[in-house]
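Using the sequences provided together with the hints, build the complete structure.
There are 2 protein chains.
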Amino acid sequence: MLNDILKQLTARAKKSSRQLINLSTDKKNAALLKMAESLLEQERYILQENAKDVAAGKKSGMVESLIDRLTLNERRIRSMADSLRQIAQLEDPVYQTIEGYLRPNGMYIQKRRVPIGVILIVYEARPNVTSDCVGLCFKSGNAAILRGGSNALNSNRAIFNLLQEACASEGVKEAFFFIDSADKEAVDILVRDCASNIDLVIPRGGQSLIEKIVSISRVPVIKHYKGVCHIYVDKELPDREQALSICLNAKVQRPAVCNAMETLLVHEQIAGDFLPRFKKAADAHAVELRGCARTRQILKGVKAAAEDDWYAEYLDLILAVRVVDSVEQAIEHINTYGSGHTESILSSNTFTIEKFLKEVDSACVFSNISTRFSDGYEFGLGAEIGISTDKLHARGPMGLRDLTTYKYIVTGNGQIRE
Amino acid sequence: MLNDILKQLTARAKKSSRQLINLSTDKKNAALLKMAESLLEQERYILQENAKDVAAGKKSGMVESLIDRLTLNERRIRSMADSLRQIAQLEDPVYQTIEGYLRPNGMYIQKRRVPIGVILIVYEARPNVTSDCVGLCFKSGNAAILRGGSNALNSNRAIFNLLQEACASEGVKEAFFFIDSADKEAVDILVRDCASNIDLVIPRGGQSLIEKIVSISRVPVIKHYKGVCHIYVDKELPDREQALSICLNAKVQRPAVCNAMETLLVHEQIAGDFLPRFKKAADAHAVELRGCARTRQILKGVKAAAEDDWYAEYLDLILAVRVVDSVEQAIEHINTYGSGHTESILSSNTFTIEKFLKEVDSACVFSNISTRFSDGYEFGLGAEIGISTDKLHARGPMGLRDLTTYKYIVTGNGQIRE
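Residue numbers (the numbering used here), protein chains in the order written: chain L, 155 to 572; chain R, 155 to 572.
There's no promise every hint is true.
Identical chains share a label here; the pair holds if one copy fits it or two copies do between them.
Listed next, the in silico BS3-like pairs over lysine-lysine satisfying Cα-Cα at most 27 Å (straight line) [what the hints assert, rightly or not]: (1) Lys-509 to Lys-434; (2) Lys-338 to Lys-366; (3) Lys-169 to Lys-377; (4) Lys-377 to Lys-161; (5) Lys-512 to Lys-181; (6) Lys-327 to Lys-168; (7) Lys-377 to Lys-512; (8) Lys-206 to Lys-188; (9) Lys-168 to Lys-366; (10) Lys-457 to Lys-389; (11) Lys-434 to Lys-338; (12) Lys-454 to Lys-380; (13) Lys-512 to Lys-168; (14) Lys-265 to Lys-338; (15) Lys-366 to Lys-377; (16) Lys-434 to Lys-206; (17) Lys-168 to Lys-377.
Simulated from the structure, these hints should not be mistaken for laboratory data.
None of the values given here were measured: they were computed from a predicted structure.
Shown next as structure tokens:
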């Protein structure tokens, strides 16, 4: 039954996705602005539906941090509308030419960006993901299918319906789809049995959700795993104060996000000087340090880091600290324990920097800046659908372009192959 | 047991892959030329090992076409060596800058190509795939793991060992790996249990092999499915003789390959004139036609096409023929029955062509040329690892660049995030 419903819905999505390439940029932008307007106008309705989810969540004993993610207010709705308006201002990637060249036999080859097709977004309790993902997929010409957490079903449905009505009022129908079911099995059915109608699944949620989808999906998955970000402080430091300020910024400016530093690696020749200074600054922000044996010789009283700490994404004011022998050991540590997200080296030696940037196998590798810059806006991509820790198709911050694929268009005048 | 062996082997591959980015282009090219030389020098040894596989295949009743694919001879070994030499001449994509730009805060962002990491190639009875894939993965800085068909184990092992020795003699060790086991379970273990050490799997083989891998793999897969290629002959034809020659070329020049035409779609207003002429030309090449009802009204005596014929990749001198009402119906037919490989429109009307090129959802869309041009060499990419019918990461002919991913390298001088 659910199986049939989902097969029909994904078939409709596939069919409609084929027409979206014909929508002009003007039309898409007008619809995005209308969607933003509608969210603001219908704020009371959204809050009323959201209150149902929040009440049910509290009743069922949902943890405080999840209640917080679930809860909408005026400010959050305004921010959802702002995102849609920003997406309207971004460059439209659809049908852009990536390359164009003439072949010796006179054929002209163009490699042009086209929408991927149907994108399934699986997410958890944040209702703002509904409008963000609709906006990004719509602008890039993809048919989005949204499957939000069952705890946020009323909120997501309300937001989705408003977006859809706004879009329809601009003459665009069936551009995005909503799985209006709390049935846990829906995701399995979608990624396993409806694979021929879905081109990509992007899970936005915790590791267990992502791993479950990867293990059953026949649809390609782009994963946004955790960010175990490192800073390596080299022995040849350009400026000690600068290094302190970068490390502090990476840890404390917003500790709960994926591009915050989780492990600090310090060269042994500078650790004796650098670590006490860093501890003093970190103490002022109540950062808990967990150190290796050598760290604890320098910083007496610091808690010992266990093996698990090197893998940890704390998302909190906690930091693992290790003293290393060399840049080689720092690279080895990162490639062993890291999550391939973002790492930064602080050094003045161009050869050391080059080695680090080349050999660290992560989406984003930085020199002499904070890891916190790993972000679509900071990179100038505009809004992002996430930060891919995968290597295939898209790596690092994923903007509108990363929601497209390409086709080869070859035009000729009678060429045949000899 | 096999599980442990494969986990250790893939862990070694992962480790070695991290060093391959440091190999200079000169070093890689020298090793490729040495590999080519070694295959030619050791031709007798390869033929002797291959003869064992061929004898076993014949004894076990292997079908003639498979025996043919399995069998090596002097010419085929020379062609393997030539491929390696050609790969040495191709541009090295590793560490090329895709984009570089300055941000307002002074950070400089570079998006640069890097190897994907560890690539598993699963293939069937063709021993030449061993050297082609080693060459392409090696030049693009990836650690290849090769898993060939058990029927070709002696041949593949011989080729692999020669390539590895040649590479080692140039000082490069552990750059590619061979699964020296006929155990059918090896592939399952690799893509399911060794996923953390493998970045990509490319199955090169029939549909059942590909589907099996997709259903169990936790590693991203790039599929090279079948090519059900179409030509649509529009009512506004530039030149009837040219159209005939293109259609004939696409069908008969090499019918057993994936970019040969399998279905011909003809606009109703021109079918009465075009189809009899085409049949005459096709008859001269003994092409069997299978037509829709309208086709059979024009071409008396032609066999009726069944529903299955529209999905068929004949790889033979057989062609499905359908008369359509419009370019819209042609597009709809292709998007319904096609495999997303390659399609061509023959027309002189720029609006009709534009519509076809835009709305047909295939990797390669052509106008007024033969589908046979869908090929890495013809596109100027050099050697190809295959033609992707997927949309993620790589679509259409996959050359060296498509065997790379990218990383964001951001350099600064003390930037922190406010």
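Against the structure, the hints come out as follows:
1. Lys-509 to Lys-434: neither (31 Å within a copy, 66 Å between copies)
2. Lys-338 to Lys-366: both (12 Å within a copy, 26 Å between copies)
3. Lys-169 to Lys-377: both (26 Å within a copy, 22 Å between copies)
4. Lys-377 to Lys-161: Intra 24 Å, inter 23 Å, cutoff 27 Å: intra and inter.
5. Lys-512 to Lys-181: Answer is between; shortest inter-copy Cα gap is 18 Å, intra-copy 43 Å.
6. Lys-327 to Lys-168: Classified as within; 13 Å inside a copy, 47 Å across copies.
7. Lys-377 to Lys-512: Only inside one copy: Lys-377 and Lys-512 sit 23 Å apart there, 29 Å across copies, limit 27 Å.
8. Lys-206 to Lys-188: within (26 Å within a copy, 71 Å between copies)
9. Lys-168 to Lys-366: Answer is both: 24 Å inside a copy and 24 Å across each meet the 27 Å cutoff.
10. Lys-457 to Lys-389: Cα proximity of Lys-457 and Lys-389: one copy only (24 Å, versus 79 Å across).
11. Lys-434 to Lys-338: neither (48 Å within a copy, 59 Å between copies)
12. Lys-454 to Lys-380: Neither, since 31 Å and 65 Å both go past 27 Å.
13. Lys-512 to Lys-168: between (40 Å within a copy, 16 Å between copies)
14. Lys-265 to Lys-338: neither (40 Å within a copy, 39 Å between copies)
15. Lys-366 to Lys-377: both (12 Å within a copy, 22 Å between copies)
16. Lys-434 to Lys-206: neither (46 Å within a copy, 72 Å between copies)
17. Lys-168 to Lys-377: Classified as both; 22 Å inside a copy, 20 Å across copies.
The structure shown violates the earlier hints numbered 1, 11, 12, 14 and 16.
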